[in-house]
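Enquirer: Residue strings, one per chain:
2 protein chains.
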Amino acid sequence: MTDNFTESQNLQAIPKNKIKLTLTYDGTNFHGWQVQKSGVVTVQSTLQDAIESVCGKRLPVTGCSRTDAGVHANEFVCHTDIINIPCEKLSVALNSHLPSSVAVKKAELVPDSFHARYSCAGKEYIYKIFNEKYRDPFLINRAMFYPRPLDANSLSFAAQAFCGRHDFRAFMSEGSKISDTVRTVKYCDISRFGDIVQIKIAADGFLYNMVRIIAGTIIAASEKGFSRDDISDIISSCQRKNAGPTAPACGLYLNKVFY
Amino acid sequence: MTDNFTESQNLQAIPKNKIKLTLTYDGTNFHGWQVQKSGVVTVQSTLQDAIESVCGKRLPVTGCSRTDAGVHANEFVCHTDIINIPCEKLSVALNSHLPSSVAVKKAELVPDSFHARYSCAGKEYIYKIFNEKYRDPFLINRAMFYPRPLDANSLSFAAQAFCGRHDFRAFMSEGSKISDTVRTVKYCDISRFGDIVQIKIAADGFLYNMVRIIAGTIIAASEKGFSRDDISDIISSCQRKNAGPTAPACGLYLNKVFY
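So the protein lines, in turn, are chains R and H.
Every number in the numbering used here is 178 more than the matching position in the first sequence, counting from 1.
Every number in the numbering used here is 178 more than the matching position in the second sequence, counting from 1.
Because the hints were derived from the structure by calculation, they are not lab data.
Incorrect hints may appear among the rest.
Identical copies carry no separate label here, and so any pair may be met within one copy or between two of them.
[Said to hold, decoys possible] List of simulated lysine-lysine pairs, PhoX-like, C-alpha gap at most 20 Å:
#1 Lys284 to Lys311
#2 Lys283 to Lys311
#3 Lys434 to Lys284
#4 Lys402 to Lys419
Same shape as in the complex, but just chain R (with noise of 0.2 Å):
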């Protein structure tokens, strides 16, 4: 414990910066990330207003990503102004005026070159499928309920088909507006723990709603015996009518940001 003379004197020898927030939140009850106009309560908005009650003012946040309404991170990204709080009390501060639905995991400063957004050099989701024959009260809204048998063994081999540099428009919701629709996938390993099956998924970047559509293309996979080729013949078709359905929201989590 330091005392408030020795902060001070700390806070002021630091450079003018900007403070990184690393988060995790349950998405069950949010509109998404992003404020929207209509008002409705998104993660931004909330996490706004938490700093509005400590600080007195309302900062501008910038979020690494936008996540669609229902959907988690267990680690998400933003960046705001600096706070005259030291870091340590103010994860402790945010946490108290924030819902028990997000959490502040760590806050610290970083220099005015970081930038949530445009400094991320890749994000890693998980998919999580709960593969059981009865739904688990446990993972309502916290995994895709899919009940037929799925070999995680045999999918993860066709799933290798995702990595690498492609063109993945076929693996993007109809409607966006991106025109560069080439993505480099790392991984995309599916393993299976206990009734889980998870698919891991790391990407310089991803497109709208592209690892709900991987999702829904393997469990498709699964359905139809798709082959590694076959999942490749997919990805050269840049057609979206040949990738299989969007899986729900409820699965996917941010689960790590790259910087």
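Since chain R is already given, all that's left is putting chain H on it; use the hints.
Expert: Same frame as chain R, now just chain H:
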């Protein structure tokens, strides 16, 4: 898949007996298992509603134990009268009428002599403690949050004092009318799984709030440095005031029921 004719022949060939239902439930929004006069929502009343919807009459359901408000069950056993629906279809039908917080994992025909409570030879509970500096949004109402360090290994050693046949009067909430307070604890093991410290305890029976008071005493042991002998002394004292506080309901899970 069998056709209806074959199924109804099979059903008629089985002598009249009982149905054993194995459930799992998230107890967060229930006022415990047992139907209450005040008409609040309990797991038992919810299950009886579902049975009534499925078979057109309200049947009594007998549970293996009472669980308190907010306590969860990975496995809870109850029995009811025979219902004129094959067991496999009964599970599906009940699950479609139950809220997502409860699921029937198994329905099976059992002999008339089976009684969910009186045939029970023992139960296993787990108590989950989330042991990290900041709360985990995914464990709200699912684990006790305890931010100070816990050493699972040394606590597990001390907790061996609970094993064996003892008078557990010191570990029973006041107000309970039970006179025979001797129980046999088969094991009481404490393990760490990442950020979760988990107490797993089995006994031939449990007194009212016994596991929650044991959990509270284990945390008190960490704070006050209680040894295995200190815990033995608390047990021998038969004084509730010597044991630790009653840990919150949300960390407790009925995990297995032995017959």
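Enquirer: Against each hint, give a clear statement of whether it holds in the structure.
Expert: Verification of the hints:
Proximity of Lys284 to Lys311 under the C-alpha cut-off of 20 Å is restricted to the inter-copy arrangement: shortest distance 10 Å between copies versus 39 Å within a copy. Taking the shortest Cα distances, Lys283 and Lys311 sit within 20 Å of each other only across copies (8 Å), while inside one copy they are farther apart (35 Å). In this assembly of identical chains, Lys434 and Lys284 lie within 20 Å of each other by CA distance solely inside one copy; the values are 14 Å within and 38 Å between copies. In this assembly of identical chains, Lys402 and Lys419 lie within 20 Å of each other by CA distance solely inside one copy; the values are 15 Å within and 63 Å between copies.
Of the numbered hints stated above, none is contradicted by the structure.
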